[in-house]
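A.B. asks: Based on these hints, arrange chain C on the given structure of chain R.
Sequence order for the protein chains is R and C.
Residue numbers are given in the working numbering: position 343 of the first sequence equals residue 343, and the series is strictly consecutive.
Residue numbers are given in the working numbering: position 353 of the second sequence equals residue 353, and the series is strictly consecutive.
The hints are simulated quantities; they were obtained by calculation from the structure and are not laboratory data.
Stretch by stretch, here's where chain R covers chain C in the computed footprint (C-beta under 8 angstroms, at least three residues):
no., segment
1, 44-55
2, 129-139
3, 249-263
4, 309-317
Straight-line C-alpha distance at most 27 angstroms; calculated BS3-like pairs for lysine-lysine:
no., chain 1, residue 1, chain 2, residue 2
5, C, K323, C, K333
6, C, K309, R, K59
7, R, K379, C, K309
The structure presented is a predicted model; accordingly, all values stated were derived computationally and were not measured.
Backbone N, C-alpha and C fix where the C-beta goes; we use that ideal spot for every residue, glycine too.
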Amino acid sequence: MQTLEALTRDARALANGAVVLTAPETEVARQLQICNACRYCEGFCAMFPAMTRRLEFGKADIHFLANLCHNCGACLHACQYAPPHEFAVNVPQAMATVRGQTYVDYAWPPALGRLYQRNGLTLSLALAAGLALFLLLALAANGTLWGGQSEGGFYALFPHNLLVGLFAPVFLWAVLALGLGVRRFWREVTPATTGQPVSAPAAAEATHDVLRLKYLDGGHGEGCNNADDAFTLARQRAHHLTFYGFLLCFAATSVATVYHYVFGWSAPYDLPSLPKLLGAVGGVSLLLGTAGLFKLNLQRDPQHGDAAQKPMDLGFIALLFLTSASGLALWLGRGTPALAALLAVHLGAVMALFATLPYGKFAHGIFRTAALLRHAVEKRQPNTLALGSD
Amino acid sequence: MGTDVLVIGGGNAALCAALMAAEAGARVLLLEAAPRDWRGGNSAHTRNLRCMHDAPQDVLVDAYPEEEFWQDLLKVTGGLTDEHMARLTIRASSTCRNWMRKHGVHFQPPLSGALHVARTNAFFMGGGKALVNAYYRSAEKLGVQVRYDAPVERIEIEDGRFQAAWVRGERITARACVLAAGGFESNRDWLRAAWGQNARGEWPSDNFLIRGTRFNQGVLLRHLLDDHGADRIGDPTQAHMVAIDARAPLYDGGICTRIDCVSLGVVVNREARRFYDEGEDFWPKRYAIWGRLVAQQPGQIGYSIIDAKAVGRFMPPVFPGVKADSLPELAQKLGLDEATFMQTLNNYNAACRIGTFDHTALDDCHTEGVTPAKTHWARPIDTAPFYGYALKPGVTFTYLGLKTDETAAVRFGDVPSDNLFVAGEMMAGNVLGKGYTAGVGMSIGTAFGRIAGTQAAQAALNEGVRHANA
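Isolated chain C (complex conformation):
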């Protein structure tokens, strides 16, 4: 029995493609690079899907119309997006959830600490790993063959048509193929090459942590770009990148390593100086820029400093903060220059103009006469005990990918392939040139995974008909 559709990858986009192809009647083989315990790629770390909706919908309150979603995307990407592809993703997000439910995904109201996205994001009950488990169960019921520990090293392409994939010396043929094998964020060497050396002589990416899977080595992405000359999109230094606890593991730290107290205090760099407005906007709207901000600091490290007033006002971090009874003691414990640290803190404290503190609104507590300013939630850090959390850049996924269109076809010299498609992180750069907004990665993966699966099944079945008629 031959394979109609070969799906390379084992996360959300790959599973959506496999499920759609199987539903269309194709014989599907899915190759997951990771062992079963680590299956699902970065999808296993996700928790929700950003969804357009014009009226309240089960777990989603109010409305989140297409235009507002589009404006949000336009804003976070600074215009580095493709309106056609973005709107396609947005519209797909409004209709995909019944299909997801059919395959066993359960939705739930937003988690505590995440009510700010109750309107825009539908949460998976149990998170992304529960979603991935449900999809694998459903895929197996539909007869999709799944192979774990099956990293694809290269593929054969002839005249823009997929021929076969190679896994550990084995040649696997199929009539069509979907590439959904993730970005290259886990590949330290590639990150190093992309980020290069900075003016201080540092290799910044050496200090990055990877929030997700260790299996996204970008082997196929590089192979497609370099060996097959597939059309590319995006800049290799652009990624979904947040500031996370510096003590997080090198890979798979996931959601719990985030530090959510930035807007309640100040952040200093290794030289004990502030470098950005910590209160610019609500943290959920700013968390995605802090990874890059910290990446630009010496040693790619920052220190979020809070006092007792902030405790209980932010999501509890996974590791306890460094605790001290005085600010000088905190500086010592964090290994920061005490004199500079005290100067920074004293200047900041003196500059605070306290109005009515309200961390649920853009309040009027701000600084005057200090650079950078803190424009909201600025209160003096003066109440012991004091806490410090070291921050490092945490990469979620990279945006360099394959250029594609609304059919999800891989393109060579601007000509779309008949039978090779791409979905998920490998093409998210078509929508996300930079920046991020919560849950949109899953919206892209689901939309294009489903398109790629449908298109691949179509291509394979047409090919089958052609063979039968020949």
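Looking at chain R on its own, in the form it has when it is part of the complex:
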């Protein structure tokens, strides 16, 4: 609860054109003042070295650092000032809270930012709508959801052009919304991170750090924390399975699109065709990765992160799981009477996934990549501080 005094002060500052920190941002600034005087956690990740280049933490610094934080938990378990200490330092939690807020703040269009706040509901409604849409379409085209003309393949149910007409706008919208959102973030944090442009080595380093998920390795290679103070590589691995699984599935679709338009080869493709190969490996990988992430999320130390974002995390994981599971089921059940229903469920899930991509957990990968890139730029610039004891 903000006190009346704080509210009055903020109102006055706003009137003077000053930047006012939100309560979660103020909390991050308070904790980082303590961290900056301690610095024991510098070896864990990128966030703490970035912090040491600063003496004060403005709004843009906080947004940058919050998205640089990978919520690995190492600093919480190592912290001599963590609760029950009166300093109550819990960096992963403070950062997660601000991170959630930055997703809302930078969302495009801004009015849709609120979709993050009740993300469980957003995802549920999107999924229900996606399923309803395709089940009704299937029913209309097929007359029944069980059996019917499924021997004719997918396109007998849903003509290719109908699918393109439905998915292309949603996909392009997701790309546009995420792109514009992260552009706003980039513009805000760039001046706070030296303002220098991205160099090739910085881009290469950031790419490496994203693709390897370097900052889930604990800084020592034994992994990050999940349930307690022990280190585990499970989170990094489950993320990798999910991330690369998703990319492979996406690649399968892209290759299939090329097949369709360039070579005129129509789906379905079967093994050992490239789209099927990519899709099968990607689907299994995504299935395993999301199952792992779901389990890890439930076992997670409740002190990590922001409990309010748990539905968003779990909802996104579940939707990815449903997408891969229904995709694989579709493959296995293709010659059976279940085809129409399976296809409708799969397409409904995919539609819900892409429709909510810019307003859900997916954004964490995009914003964190941007933060890692700014970090790679900033760390190559000379530090303006010359602390005495060095």
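C.D. replies: What follows is chain C alone, placed relative to chain R:
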């Protein structure tokens, strides 16, 4: 199932002892006075280990040979040390790190702001609490039983042999015991008795802050010294003591409450007068004397005064400084007599002989004609805004302890016990008579914790054999 080795304490030395004893095949029970959240004692606040090495070693650069380490210790203790025990600690520090790694400790290059110890000190990744966590995990894997909230009130000793310990009315027996329960720094009454009343009628220790755990009440130390007449070492007023932010919490303020701008400005006491050369040497070599210096001032308080030129040149303090646009305003805000304060500052400013300022070297900026002199980094304090930080003595740990030897045995009437050993702060006074040098507390704790654990396991297993043969 009986206990072979009982370890009393839950910090670095205790854990090293427990791990060594368990590795030697002993059944180990560890009693930590604190609840789990506060486990690890002062070790949870540490960050590095001072290490001897003859050549570059992973995170350690260059070399830090035994002789140089010994000379450093000799200098900071003013000779109040035992060469045999000190050299034993030093040599152990050169070989213990692989063992530490095996038990999950990770090392990292020095933290930013601490490059001055890149050669001498190996930093724990994540600091001491990460080390303590790793040791507890490893101990539990080795089958060490750990009990939290288990403060030992007293122990039974017969003919110099440990028999049993008492915890909340429960009698716990074991074949051997390691005492590693810390100093008495958290015991306000004991500090008061030790420091007494000064000529101004003050009880100086009432104004001390404790940088570490609140659980080091010295219950066992007093019990051993007073009730069992164990041989003692050290002076109860000697401690690792630094000047910290006066706003720090009474306990567990840890590293972040330090104030590192002393050498960049001046320090005045409550009467607004300077009292010591702020630029005598590099701050990392002087921080450990300022606790006592402030303790000797009226009200046990000092004020570090800097101007805008110093900002960004020292580790940022945890609390913002008192800020003012002029020196008189700063005096008012700090509650200091304005006239005296201005006289002190004006005298100092006028006495500055500015050469080439370089805070990374013992530069030639010094004062002339003012007492006390400031021998390096002396620049006039004349650029607004001005900042003031109130300082109080912060006790890290006390040096009064049990006398021991290279076997870590507790001694009674100069006779070593067969099965009672001591490690960590409870015996650090054997090496540190006074003064301090960064990271040496962990060197002592690790060296003697490991010795005590090995010796205790040996004593317990021999005892077991004796019983079997009887």
